[in-house]
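Student: Please dock the two separately framed chains into a single complex, following the hints provided.
Next come the chains, spelled out residue by residue.
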Amino acid sequence: MKIHEYQAKQLFADAGIPVPPGEVATTPVEAYEIAEKINRPVMVKSQVHVGGRGKAGGVKYAENAEAAKVLATSILGMDIKGLTVKKVLVTTAEDIISEAYVGIILDRVTKNPVFMVSSAGGIDIEEVAAKTPEKIFKLAVDPELGLRSFQARNLAYKLYRDINQVRATADILMKLYDVFWKVDASLVEINPLITNTASEVVAIDAKINIDDNALFRQKNIAAMRDLDAEEPSEIAAREGDLSFVKLDGNIGCMVNGAGLAMATMDLVKRYGGDPANFLDIGGSSNPQKVITALKIITSDPNVRSILINIFGGITRCDDVATGIGAALDELNLQIPIVVRLTGTNEEEAAKILSSYKLPSEDTLDKVVKKAIDLAGLGK
Amino acid sequence: MSIFINKKTKLIVQGITGRDGSFHAEQMKAYGTNVVGGVTPGKGGSKVAGIPVFNTMEEAVAATKANTSVIYVPPAFAVDAIYEAVDAGIKLVVCITEGVPANDMMKVYPYVKRNGAQLIGPNCPGLISVDQCKVGIMPGTIVKKGSVGVVSRSGTLTYEAIWALTLAGMGQSTCIGIGGDQVIGTNFIDCLEAFENDRATKSIVMIGEIGGSDEEVAATYIKKHVTKPVVSFIAGQTAPPGKRMGHAGAIISGGSGTAEDKIKALNKVGVPVAGSPTEIPVLLNDLIVKRKEKASNTAKKKIEKKATIRKKK
Chain R
429 MKIHEYQAKQ
439 LFADAGIPVP
449 PGEVATTPVE
459 AYEIAEKINR
469 PVMVKSQVHV
479 GGRGKAGGVK
489 YAENAEAAKV
499 LATSILGMDI
509 KGLTVKKVLV
519 TTAEDIISEA
529 YVGIILDRVT
539 KNPVFMVSSA
549 GGIDIEEVAA
559 KTPEKIFKLA
569 VDPELGLRSF
579 QARNLAYKLY
589 RDINQVRATA
599 DILMKLYDVF
609 WKVDASLVEI
619 NPLITNTASE
629 VVAIDAKINI
639 DDNALFRQKN
649 IAAMRDLDAE
659 EPSEIAAREG
669 DLSFVKLDGN
679 IGCMVNGAGL
689 AMATMDLVKR
699 YGGDPANFLD
709 IGGSSNPQKV
719 ITALKIITSD
729 PNVRSILINI
739 FGGITRCDDV
749 ATGIGAALDE
759 LNLQIPIVVR
769 LTGTNEEEAA
779 KILSSYKLPS
789 EDTLDKVVKK
799 AIDLAGLGK
Chain A
450 MSIFINKKTK
460 LIVQGITGRD
470 GSFHAEQMKA
480 YGTNVVGGVT
490 PGKGGSKVAG
500 IPVFNTMEEA
510 VAATKANTSV
520 IYVPPAFAVD
530 AIYEAVDAGI
540 KLVVCITEGV
550 PANDMMKVYP
560 YVKRNGAQLI
570 GPNCPGLISV
580 DQCKVGIMPG
590 TIVKKGSVGV
600 VSRSGTLTYE
610 AIWALTLAGM
620 GQSTCIGIGG
630 DQVIGTNFID
640 CLEAFENDRA
650 TKSIVMIGEI
660 GGSDEEVAAT
670 YIKKHVTKPV
680 VSFIAGQTAP
690 PGKRMGHAGA
700 IISGGSGTAE
710 DKIKALNKVG
720 VPVAGSPTEI
730 PVLLNDLIVK
740 RKEKASNTAK
750 KKIEKKATIR
760 KKK
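Taken in order, these protein sequences are the chains called R and A.
So the first sequence is numbered by the numbering used here: it starts at 429 and just counts up by one.
So the second sequence is numbered by the numbering used here: it starts at 450 and just counts up by one.
In isolation and in its complexed conformation, chain A is listed as follows (with noise of 0.2 angstroms):
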């Protein structure tokens, strides 16, 4: 099991010709993703790396039936790639293209929503499912699999979250970028959910950045619904109010934003905020360990309890 992405992704690249592109959509097959198609208008009938070319989403939905594509256009044209993925059909979107106007984004994600599909990102490295299938720019080679669930804003500070756990011997059964920008598709809590619906994910480890309060809004949904062992990383905790720091949402203005304030609300409702990526296995080991004591000695009480309940019988 894994969340979102498995062995039945059947995957369409949308600007398969680009270079990013062509060069991902071949380390994505490489991975066993299943790549069915790529859509690049004016090339149908061509093939990337022995994958069959579109000119359309329509087209290549038709003669393929894939369900998830992936889209690696320039800025100017990402949005329209959504609407026409959605159009067609597919039910996951996965948007890998940095800097697409947010008002863009504000008008076309009522209507992935109202289409009852998912789009992750934009700006986003995408996700793997380990040993299963990779939907992305993530290094297939970094991950290891596991039962730790990875979601994280970021996208190289997410590899080097994965890589710590990695070296611990903590493998990871879905690791997932949702993306740096002030409007994307999918979020924290989207993810939780389905970690903790996930079999084959026993623990998660959530990495967030200065700006906006998803991680405030994350630490809530946590202490009412989230069953497993969570540890996070916040970063930017040096970070200036009013400067943006590389991604369009990691900023502080206002005052509202600041690391310290979301390391304080996960504090609060138990989740462990790492020093440094390389704590994040230690914290998480720990907290993991801990939980098990707690079980099993609530299991011996329980047992306690009524073998006394049984002698006053």
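Bound-form chain R, shown alone (with noise of 0.2 angstroms):
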């Protein structure tokens, strides 16, 4: 799960990691009264879940709260690669001096929390790590023993020499790491981490990305999440306990498995056509979920054939025939739909779908030519 800026700023400054003072806005009438209350010159910066915010003219200099005003008015309704800025964060803007990157990543190979340093911080940090990785510092933690003072402070030589700044940044990597595990986070990233003219160290940028699986534990995390962010269909899959995720084209896709639900789009792109979308049904068999599967599905005006590809194994196959034959029951759908349902009981399955009359085909192979025909799409 992504939260926001303003969000990770939070839980850094709980944790003691100093930042600018601001607050989030909604109108530009709020923005400028963030603005006069820090009674200096404000950083606007839209709240969205997506990187280059700054190169999409979504974060803006303001001298005063007048300017902040204007600027919220641009900003607020603005479209950053495909999503509505709805919040602003006005904040106050630093003197920087320096700019450096610091984050925290779970890195899977060495199966460590691993720091990333560079002093060539700000809004290039990707490029910096494609073209010179050299200047990236990196240190995998032993999760058992945890980030020592003396490995913080090595880090922190990396991106000053003056002893003031390296203690402070040293004390703001300790914190940062105790951030990282306290918020089951999988990654926690500072960039720019900056100084100023009066020599401080400061967070002027925030991001946190939360383990969804640790979301359980985590309430107060959890309770964090942006609808307004999301695409409603992904709200809808979630609170149905479905995997789902929407894509460009015209065949819906219901598959049990993740791996499978992915090499079944993979295969209608193979064969000529474009799935509107990747969705998991998982390992259940409550007929419940089909119907809000083809719900979701059908709720995508893009769709203009679906496929059921089912491989039962803890998943029984008359379920999920039952979830079916009741969601066509239910629906009155007018889209076309093949199904294929193979493993645990697919007997029974077809016993209960034979008076729907649906088209159904034996193999993977066969099941997605078939669903691209009837989009229309065949040759």
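It should be emphasised that the hints constitute simulated quantities derived from the structure, not laboratory data.
All figures in this text were calculated on a predicted structure; none of them were measured in a lab.
All C-beta atoms, glycine included, are put in the ideal place defined by N, C-alpha and C.
Just so you know, nobody snuck in bad clues.
Simulated restraints, written as ranges between beta carbons of each label pair:
| id | chain 1 | residue 1 | chain 2 | residue 2 | range |
| --- | --- | --- | --- | --- | --- |
| 1 | A | D580 | R | E667 | 40 to 50 angstroms |
| 2 | A | D580 | R | E555 | 48 to 58 angstroms |
| 3 | R | Q716 | A | G618 | 38 to 48 angstroms |
The calculated DMTMM-like cross-link candidates involving lysine to aspartate or glutamate, where the alpha carbons are at most 20 angstroms apart (straight line), are:
| id | chain 1 | residue 1 | chain 2 | residue 2 |
| --- | --- | --- | --- | --- |
| 4 | A | K692 | R | D728 |
| 5 | A | K556 | R | D606 |
| 6 | A | K496 | A | E508 |
Derived coverage of chain A by chain R (criterion: at least 3 residues anywhere in the stretch with Cβ under 8 angstroms from a Cβ of chain R; other residues may be distant):
| id | region |
| --- | --- |
| 7 | 575-589 |
| 8 | 685-692 |
Tutor: Here's what the structure looks like:
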């Protein structure tokens, strides 16, 4: 799960990491009031779940409250990489002397949290990583030992020579490491970590991604989820305990298992079609899930045919068939459906579906080709 | 022969009285697995499908001399179940549970290693050594005894691949699903190494997906250490970047972890990558035939060479 910069900064502030004061606004008037309270030049920063906000014009400097109001008017409602800006963070503008990058990611190869720091921070960090990887220093932390003070100091010395700044940074890194564990993050990032004219080290941006698997014990974090920033069909899927990603094609896919769902989409593309979504109904046999899944798929006006591919293991084909039948009875679907139900209880499934006269196929390749035919894209 | 599990496996089912645990305990027993016991705190002394239930792993292992355990407990308790199994002396722990926090996995992994144990999973379908032993949730009906070793990050996609092999008459030695999470106990390389050393395995199918760099790392390993023919399949060629495709680990981030990169890396070391699961047996058969021809050609050349040397003498 992603959280916004203003939420991540609050978590940083709670942990004692220095961040500039600021508040979030949803209207230009609110932005004006916050800027007036700060009573110094401010930054107006769009709050959307996407990188490259600055380059897209979603982060701007305002000399005073009136300017902040004008900027907020233009930024609120702005489209950044397909997402509409609904909130801006109004925060003190710092006098920046230098910009560094610090981050912690979960590294799957070493199975450790890995620190990455670079004195070449700022908006072009991806380019730094690609072109001059030697400018990024990495440190894998033993999760059983945690981050030792000397390690934090070593990392801090990669960024600064001034002992006061090194101490301040080492302290920030220790706290950042605590935040990583405390909120079950899969990524925490400060880009940039700056030094200002007062020689202070300050986190002027903040990014935290949370491990979805840990949300059951991170109630406060889970409550930070911004439903405005997500695709409505993806929200409905999550509430129905389905794994769903909306795509741009016109063949709706319903599959059990994430790997098989991806492979099914790949085959749709291979045979000349275009998948409308990724949808994994999971290992459960609950017919209600099938109904919810079909509702979500058919709510996309682009969908012209539906492909149901089930390889029964734990999932029982007869349960899925019952769900398909119930959905057909309930939803009055006009979109053609083709099914392939193989594995556990496939004969019972065929019996249940026989009265609905749905086209069915017995292999993955055939069912995909049929779905493309039905969408009117076939040769 | 087979890898990781066989006729000598003595299995404990952790969470045996739950919905999934009880169902699969029975399925595993029916397949021929030696299920010696189960554990659910508070249910000690009872039985599930004729299998004795214990309150703790310590009691279960003491009473049964089990060497393997399989975990079906809910995600909030799964990591503790791994610690408990290892602490009780279990050498192979298979964690089926989906939704285990990655940070917990980072901490338990070194503990498992330090105690000389092996963890498979979490969020995996388990494994089958055909006609010997099944641990986990794979349907026993789709496998067929033979010499192909199958290793996969996926669940049902693995079944699809196994089924394609079985229909093509290519049976399997061991089929193993290692799981789709970011931090897993047993990786491709562990399985490739075991298959390479297993006499019953003559060829290998490796099924990967987008996210991470495990397939690239495996490709490097195959080039250096694997002599048996390997065929692969990579799911997620049409997946958009930045979106998690179901599995916690299946995400293209920062431009890395794409299917394209993985296919390139595998092709480079002579591993053909199938365009569809049904192509896997075809490619594997081609590769086996090609290797055999090459081997017999080399053998012929050797004989000819020897003959010419003799003539010269």
